[in-house]
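> What follows is the residue order along each chain.
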Amino acid sequence: MKSELMLKEEAKAKVILPEPVVSYIESCRQKSRPESHLISVLHKVQEHFGYLAKEHMDAVSILMQIPTAKVTGVASFYHYFNFTPRGKHRISICLGTACFVKGAGKVLDRLKELLAIDVGQTTVDRQFSIDVARCVGACALAPVMLVDDKVYAEVKPDQVAKILGEYGFDAKKAAGK
Amino acid sequence: MSKPMERLLELRQKAEKRLFEQKFKARMRITVGSATCENAAGANEVHKRIEELIKKHDLKDVVVGRVGCTGKCDMEPVVTVLSAGAIPSKYMHMTPEKADKVFESHILGGKPVAELTMRQQAGTKAAHYVVSVCGGSHCHKDTTPDIGQAFKDEIAKHKLEGKVAVTRSACQGLCEVGPVAFVYPDGVMYQKLTPEVVAKIVKQHFTGGQPVAENVWQGDRVTNRFFPVFGDVPFFGRQLRMTLRNCGIIDPESLDEYLSVRGYEAAVKTLTMMTPQDVVDAVTKSGLRGRGGGGFPTGVKWNFATAQKSEEKFIICNADEGDPGAFMDRSTIEGDPHTILEGMIIGGYAIGAKQGYVYIRAEYPLAIKRLEVAIEAARKAGFLGKNIFGTKWDFDIDLRLGAGAFVCGEETALIRSIEGDRGMPRPRPPYPAASGLWGKPTVINNVETLANIPVVILDGPEWFSSIGTEKSKGTKVFALAGKVCNTGLVEVPMGTTLREVVFEVGGGIRGGKKFKAVQTGGPAGGCLPESCLDTPVDYESLAAAGSIMGSGGMIVIDEDSCMVDMARFFLDFTQDESCGKCTPCREGTKRMLEILQRISSGRGMEGDIEKLLRLGDTIKKTSLCGLGQAAPNPVISMIKHFRDEYEAHIREKRCPAGVCAGLITYSVDEVKCIGCGACKRKCPVPCINGKPKEVHVIDQSRCIKCGQCFEACKFDAVKRK
Ligand SMILES: Cc1cc2nc3c(=O)[nH]c(=O)nc-3n(C[C@H](O)[C@H](O)[C@H](O)COP(=O)(O)O)c2cc1C
Ligand code: SF4
Ligand code: SF4
Ligand code: SF4
Ligand code: FES
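Chains A and B are the protein sequences, given in the same order.
All residue numbers for the first sequence refer to the numbering used here, where the first residue is 1 and numbers rise by one.
All residue numbers for the second sequence refer to the numbering used here, where the first residue is 1 and numbers rise by one.
Chain A with its partners taken away, still in its complex shape (with noise of 0.2 Å):
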């Protein structure tokens, strides 16, 4: 039996994650060993929201009914998931062995100059943020840089700007502010 605390969180917990993935998780607690299924767990939570925001953690715990010191300690021993918001277009450049030796740090430089921040940072406006890949399997098309899901092969640094610009990043506007 739950007791009345325990219904009153999960209620809480259900209103704060988003109705398929509060399915997906019940599902999976159908299932033996549903501790298994965390990582997925957190990709999807990840996937709604760009990041892992504590609450979302929280609420993760409460519906797995795994300790949030476990969540907590998973999602940051993965590179895959973040902490904080990340823009509306999430730029990673790949650093992989065969993009770092075709030059990807010419284009990272580039795009870090472009936007002017660093990587894991987000611009002010919140369009975009800068994340390092290590290798998404295109290496022979190296340099890789990712827009969201779409890849882009063999950039050269001076062909940032115009990937920027298909997703509205004016280069003259930056420069003059």
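Hints in this document: simulated from the structure, not taken from any laboratory.
In this text, all values refer to a predicted model and were calculated from it rather than measured experimentally.
One or more of the hints may lead you astray.
Stated by the list, open to error - Calculated lysine-lysine pairs in the BS3-like style (CA-CA distance at most 27 Å, straight line):
1. B/K309 / A/K70
2. B/K354 / A/K31
3. A/K112 / B/K309
4. A/K70 / A/K112
5. B/K513 / B/K285
6. B/K621 / B/K590
7. B/K309 / B/K285
8. B/K682 / A/K172
9. A/K173 / B/K705
To be verified - What the simulated footprint calls covered on chain A by chain B, stretch by stretch (three residues with Cβ under 8 Å from a Cβ of chain B suffice, anywhere in the stretch; the number is not a length):
10. 16 to 25
11. 35 to 43
12. 117 to 124
13. 137 to 143
14. 148 to 154
Ideal Cβ placement from N, Cα and C applies to all residues, glycine included.
Let chain A serve as the given structure and place chain B with the ligands on it in line with the hints.
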């Protein structure tokens, strides 16, 4: 024949019939590559355009479909046009506009656009017939007559040069009936060739159109699927596609297509005609070794797990592919997902596991999707779940996603991660085969290892072990990338030399630059210089040369890369990925990285090289898991082979490759500068001064050494020192 086998063959027949109705009966069949890399290159747009064109012209006898990646990534998107009686045309670098052109000329007009094909690009002339003569060491001996030359002589004698072209292929695994040669487009493999037979073929086949029946090889091997479609292109002809046998051939999201290439026959054969021990023995006999990096004999691992008594056992496919710069496993899954499932079914049966997991990295969304589609289709067909294939055996497979931790490729960490925990390794023994997932006996195998299992079962362990070297059997897939002309997937028999891979299949270095090193094994491997290029690729030889086989990443490095910078790159990676459980790895890699940073910024001290080596040795000997144990490898191998470069950084404060920002300066050559201002416009700081048509000057105190002026100057006036 057993009932399940009868049923499978019936299903195959039905699938073939459906496929025939849908596509094979068409006059022309177009396939468009579809994979992460293909899509990045723009394959989706091309596919859409071709569909539109077919609709617009209301063509009933032309179909378009999807296939996985062929592995020729630098030429993507790849579009293949297949029609009876013609060599398949492989179009490269396709765009919607080029698709229009191909459609107009080839699909509607029947005339292939030669200048857009891979063949033409590779310099093979257009011809009606192409003879591909095996150049493998069994077929092509100095002591026997040269079959390729015999073909050329006979062709010249009959003045058929315009009609027949001759090329050379790598060993196609038919040594026992060699010398062999394959004839396109008729798809005839000739065996036991002698100059006399060659004369007969040229006369009877190439002039008369009648194959010389008594010398046609009649066998059927699952490994002989790829060659008939792609082998006339040298890049592919120099490979032997076992693991990647179906990649680029079948639609990865169609179970019918997998069934039509004898899919799941190996699984049914093992379940109905072999005992688990038979399967283990066959795999042991094949000599197959783990492709995930360690090279542990797969049969021995399975045998150990089979012997364990337990209610519950597991088999896991390791699709974490952590080496940053490798994509063999991604391509295999994206191109042929059912093969992995079949390998797991066979492995599960052999060791007594009823549940399998694929642990796959989250960075591969398309591979995940393809696996999900495949699992769903297999379940629906009764190939997964209860009483699979109508036998008494139950087996199912689930996916578990990684989340970007390199250490989770290590098997004990991977197990933790599937259990929903932080991926920290634990000491072994006990090995997972004794106590693994949830404490139960567990076998973990790499994607490529599992993809070889159906080959071992169907083409036989004896044949499998006839390919490769004494201790390394079969083939190895490499993800060739970096500064090499042909980038992509290369599958060659074990024992092929690095030189053959980089220069023959890979086509050498891009842009006329000088070869410097080839990196194998990723962050756990090493860099090998020119002098090691004749090393054969097999587990022992690569280790002896100071690198490792690894999982298959192969990055070619040219003179523009600095070896101190490369070492720093790898250490930065491992240091960041260290899980932190044990001190030598956690602290040691950090200290090594600091020393490397010091060297590359010009503050290197005498004795730093020795310090790196000593520290590396300690980390290797005392770390808990493979990550720490291998972390110093890149540094050690680079010092071993490129010590002078390290010394130049330390003693002369000079970076010979001009990479390390702390050691280079940019300046303008007063004589060469014409004052065009291009550098000034590019400089982001900005710190370049000068009036138009006057010599420009760089303010050294503010220069951030981004190198943009260097690249901008068309007059070679910006100097990098
Ligand atoms: C740090 C580390 C990372 C690894 N990453 C992978 C990987 O990404 N893929 C893989 O198949 N094996 C990887 N391995 C090797 C696995 O631990 C394991 O040996 C392998 O999956 C066994 O399969 P195999 O015998 O078929 O090669 C890694 C090992 C270590 C120590
Ligand atoms: S060697 Fe490194 S990765 Fe492995 S357990 Fe120790 S700290 Fe963790
Ligand atoms: S290296 Fe970069 S910062 Fe320095 S002068 Fe050239 S463009 Fe300007
Ligand atoms: S780009 Fe070259 S030539 Fe033009 S001003 Fe700069 S240094 Fe002089
Ligand atoms: S190294 Fe960048 S995609 Fe592989």
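> Determine which of the earlier numbered hints do not hold for this structure and return their numbers in increasing order.
Of the numbered hints given earlier, those the structure breaks are 1, 3, 4, 5, 10, 12, listed in rising order.
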